[in-house]
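K.L.:
Okay, here's what each chain looks like letter by letter:
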Amino acid sequence: MAIKKISGCIGCSECVLSCPMDVLRIGDNGKAEICWPEECQICHLCRMYCPVDAITIDPEKSIPVIISWG
Amino acid sequence: MSQTPPVFTTSGFFLRAIAVFAGFPVLFMLIKGVFSGRNAYLEIFSLITVTAWCLVPGQFYWFPRNRFLSLHLRGCMLSKYHIVTGTLLVLLLCSHPFLLVVPKLFEYGISPREAFFTMISTPTAGVLSGIISWLLLATLGITAWFRNVLPLKYKAWRRMHGILAFLVLIFGLHHVFVLGRHITPFITVIFTLFALAAAVMMLRRWFDLIPHAKPVRLLPPPAVRLLPPPENIDRLEKQEHRPEKEEVENEL
Ligand code: SF4
Ligand code: SF4
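From first to last, the protein sequence lines are chains A and B.
According to the numbering used here, the first sequence holds residues 1163 to 1232 in order.
According to the numbering used here, the second sequence holds residues 581 to 832 in order.
Treat the hints with caution; some may be incorrect.
To be verified - Computed footprint of chain A on chain B, listed as stretches where at least three residues anywhere in the stretch have a Cβ under 8 Å from a Cβ of chain A: (1) 597-606; (2) 666-673; (3) 739-745.
Claimed, not checked - For lysine to aspartate or glutamate, the following DMTMM-like pairs were computed, each having C-alpha atoms within a straight-line distance of at most 25 Å: (4) LYS1223/A x GLU623/B; (5) LYS1223/A x GLU694/B; (6) LYS1193/A x GLU623/B; (7) LYS1166/A x GLU623/B.
Think of the hints as simulated: they come from the structure by calculation, not from any bench.
Where is the CB? At the ideal position from N, CA and C, for every residue including glycine.
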């Protein structure tokens, strides 16, 4: 799984809404949880949209994000 | 014969107290390796915020009327340490929610402004306790800096200052326990113990449970004051036996 850890989550759901692969959900404790880890495409969107930088993506499993071609 | 006044203030004592309040928990967090994986800015920012938070219970200890501390430090020095540390803590902890969103300036995704408003508008217990403790902390800082213009007598102000500080500690602890990134069971126990110690110190002061003793004597007795300065300081620092009057006269 590319997401190394989620710590300091405030439960705002931004990551759930931004994830194109529907990997994350808000759990019973009101914090983000990884539900379908195998679906993750390591797109970094959840990390970039998290307002408090709660999501850490494992640098070893990470791939550079291509923002634009021009 | 010129006489140097004896030195009774040891800032080393203050530094040791800082080491207990902040150094110990932060060192434990570093050893446990909880600071890893995020970018350098976030890690350094986290370290500064955690250190500042660890010093909050210390402020209950470094208050100018702490009789135990007045054995080691002069009241005015203690007051100075309390003010300097307090000002730093208020500035650091109040800027914490703003500094948290700064990295969003340098990457795609959510903007710092959006991140800030999303953060403060999320109605969860941890966020609410954070907002309440931020407001209390700001009030604490403002009422302390502008104490002279407040229509309050010193005793009333001191009580208000104590109550505000205690509320900051309670709401802040809730915020830290719910949202803290570096919280481990050990750190939870340490923070709870510090908070309890702070509460006990404040309640003892309020309800006057500390028996009134004679004020601490900061000047040495006249016989010792007559000794040449270096010996005088050595004798006092090492807590050697106090010389009899005859001994002093023989030495002179
Ligand atoms: S990295 Fe992309 S795919 Fe993976 S959880 Fe985050 S948003 Fe979803
Ligand atoms: S975006 Fe961040 S803070 Fe919000 S739910 Fe996801 S991990 Fe938690």
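K.L.:
Each hint: holds or not?
P.N.:
The hints, checked one at a time:
1. 597-606: violated (count 0)
2. 666-673: violated (count 0)
3. 739-745: Answer violated; 0 residues pass the 8 Å Cβ test.
4. LYS1223/A x GLU623/B: Status holds; Cα separation ~20 Å.
5. LYS1223/A x GLU694/B: Given that 25 Å is the threshold and the Cα spacing comes to 29 Å, the pair is violated.
6. LYS1193/A x GLU623/B: With Cα atoms ~21 Å apart, LYS1193/A and GLU623/B stay inside 25 Å; holds.
7. LYS1166/A x GLU623/B: 15 Å, holds
Checked against the numbered hints given earlier, the structure breaks hints 1, 2, 3, 5 and satisfies all the rest.
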